[in-house]
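**Student:** The lines below spell out each chain.
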Amino acid sequence: MTGKDRENYNKNYIEYVNSFAPPTKHFKNCIRTFFVGGLICTIGQFIRIILEKAFGLSGDELAGTTSMILIFLGCFLTGLGVYDRIGRNAGAGSIVPITGFANSVASPAMEFKTEGYIYGLAAKMFVVAGPIIVYGVLSGSLVGVIYWLLGLA
Amino acid sequence: MRSNTIIFSNKPKIIATGTIAGPKECRGVVGKYVDKALIEDTFGESTYEKAECKMLSFAIAKAIKNAGLKETEMDLLISGDLLNQIISASFAARDFEFPFLGVYGACSTMAESMAIAAAFINAGYYKKIVAATGSHFSSAERQYRYPLELGNTRPPQSQWTVTGAGGCVISDMGAANSQTDGISITSATFGKVVDYGITDVNNMGAAMAPSACSTILQHLRDMGRKADYYDLIVTGDLGALGSRILKDLTWEKGVDIQKNHVDCGEIIYNVIEDEFQGGSGAGCSAVVFNSYIMDKIKKRELNKVLFVATGALLSTVSSGQGESIPCISHAVAIENV
Numbered sequence: 001m002t003g004k005d006r007e008n009y010n011k012n013y014i015e016y017v018n019s020f021a022p023p024t025k026h027f028k029n030c031i032r033t034f035f036v037g038g039l040i041c042t043i044g045q046f047i048r049i050i051l052e053k054a055f056g057l058s059g060d061e062l063a064g065t066t067s068m069i070l071i072f073l074g075c076f077l078t079g080l081g082v083y084d085r086i087g088r089n090a091g092a093g094s095i096v097p098i099t100g101f102a103n104s105v106a107s108p109a110m111e112f113k114t115e116g117y118i119y120g121l122a123a124k125m126f127v128v129a130g131p132i133i134v135y136g137v138l139s140g141s142l143v144g145v146i147y148w149l150l151g152l153a
Numbered sequence: 001m002r003s004n005t006i007i008f009s010n011k012p013k014i015i016a017t018g019t020i021a022g023p024k025e026c027r028g029v030v031g032k033y034v035d036k037a038l039i040e041d042t043f044g045e046s047t048y049e050k051a052e053c054k055m056l057s058f059a060i061a062k063a064i065k066n067a068g069l070k071e072t073e074m075d076l077l078i079s080g081d082l083l084n085q086i087i088s089a090s091f092a093a094r095d096f097e098f099p100f101l102g103v104y105g106a107c108s109t110m111a112e113s114m115a116i117a118a119a120f121i122n123a124g125y126y127k128k129i130v131a132a133t134g135s136h137f138s139s140a141e142r143q144y145r146y147p148l149e150l151g152n153t154r155p156p157q158s159q160w161t162v163t164g165a166g167g168c169v170i171s172d173m174g175a176a177n178s179q180t181d182g183i184s185i186t187s188a189t190f191g192k193v194v195d196y197g198i199t200d201v202n203n204m205g206a207a208m209a210p211s212a213c214s215t216i217l218q219h220l221r222d223m224g225r226k227a228d229y230y231d232l233i234v235t236g237d238l239g240a241l242g243s244r245i246l247k248d249l250t251w252e253k254g255v256d257i258q259k260n261h262v263d264c265g266e267i268i269y270n271v272i273e274d275e276f277q278g279g280s281g282a283g284c285s286a287v288v289f290n291s292y293i294m295d296k297i298k299k300r301e302l303n304k305v306l307f308v309a310t311g312a313l314l315s316t317v318s319s320g321q322g323e324s325i326p327c328i329s330h331a332v333a334i335e336n337v
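Protein sequence lines, in the order shown, are assigned to chains L and H.
If you count the first sequence from 1, position 137 lands on 137 in the working numbering, and the numbers rise without skipping.
If you count the second sequence from 1, position 16 lands on 16 in the working numbering, and the numbers rise without skipping.
Quick caveat, the hints were computed from the structure, so don't treat them as lab data.
Predicted model, so just to flag it, every value in this text is computed and none were measured.
Please note: incorrect hints may appear among the correct ones.
DSBU-like mimics (lysine-lysine), calculated; alpha carbons at most 30 Å apart, straight line [to be verified]: (1) H/Lys-11 to H/Lys-296; (2) H/Lys-298 to H/Lys-70; (3) L/Lys-25 to H/Lys-298; (4) H/Lys-127 to L/Lys-113; (5) H/Lys-247 to L/Lys-11; (6) L/Lys-11 to H/Lys-192; (7) H/Lys-50 to L/Lys-124; (8) H/Lys-32 to H/Lys-259; (9) L/Lys-11 to H/Lys-253.
Next comes chain L alone, as it looks inside the complex (with noise of 0.2 Å):
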């Protein structure tokens, strides 16, 4: 068997295998997301508002001690390792947050440092948020470039 008939065959094979295969759960992956992704940043919105009433921060000193919270508590509880429990039931939930973020540097990091702290903690640190820092720079800068021509016209 070779060329087209091994190339049909296995197509019939994919759809056969895709007609009983347990579907991933959108809907309800979905709806745990929104509770909590939402629920982290429920916390994070708490956070700022004690650091603005009681410590009496604003403006980019607040985002940024917020976010530092934010970001300890995941590598905290990544460390305590409990994110990943979370992250398991939360669909998207605790990942698109800054605290899943944390999770993806902090993970590997962990795992890697068996391999010494040059060539296995800090160079094996990025394999997951990598391609998140290189595609979010670069989306980026087109929208700034985007935004710069617009502001031509």
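With chain L held as given, fit chain H onto it using these hints.
**Tutor:** Just chain H now, with coordinates in the frame of chain L:
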């Protein structure tokens, strides 16, 4: 038609087994049968790779001990595992003062090593061989997927790599304690590499089922046997989904294994937490076969078993480049004679 099956006329014997499994596995069906149930999955080591190596080493040593043999009486160790350059097997072999033959068949390594061992013994080159393999959830996850602590959702087709190792001693003569005297490897079929174009690395069951089907049909055809000749046709780690596909595929070819087929991956876990389709990994078939199933054979509750370990021959590079997953299965017939 060409035969891919070797018939072992001198009937090499399986005289003893040694198994060890992680905490999650031991909550399931194998818990009662393994030689050692780990309380924590690091096995007192600093890294998961070291733990995997130590488990394998333990399984080999335990199998030799259970056989009532000494290391000096052993002729050869045949072993392999899932990690790059089969480091667990090679490093475990450092602990033993007899020759080592490293093999790689992904999750089919157990059946592959048993078949090779049986062939050496049947030919008379060696008298006592240990065949062993193992895997560890955390080391496999690290190599093939994401870091452990990364909070992502597992897809429902996915399987859970088994933490555990198992080995058996294959000998030209039955053991002194004659309880396991008659368990022989009567024939073995080396499988072809089969690829039906599945590219989803989370759906190993669907990728491997066609290769299991191919090897089982080939074996039955070569031996001129019907499927019901065997009390049990046990596959390695197809999982619930793959097992169902296998039944469909063989049914389509006119072979009915509905009643006597069981999959190690499907039965190993009791608690369905994140395992979804069940266990996978080289350790899966090694642990289940060498503990649970061998126990049933020893007690003569099962007399004729066809052990078909299935393996997915992919790497992170090949799947990254969009290649589909080639799979292989080897079958070993074990009978009480």
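**Student:** Now tell me, hint by hint, if it's right for this structure.
**Tutor:** Hints and how they fare:
no.	hint	verdict
1	H/Lys-11 to H/Lys-296	20 Å, holds
2	H/Lys-298 to H/Lys-70	23 Å, holds
3	L/Lys-25 to H/Lys-298	44 Å, violated
4	H/Lys-127 to L/Lys-113	44 Å, violated
5	H/Lys-247 to L/Lys-11	20 Å, holds
6	L/Lys-11 to H/Lys-192	21 Å, holds
7	H/Lys-50 to L/Lys-124	20 Å, holds
8	H/Lys-32 to H/Lys-259	25 Å, holds
9	L/Lys-11 to H/Lys-253	19 Å, holds
When each numbered hint is compared with the structure, violations occur for hints 3, 4.
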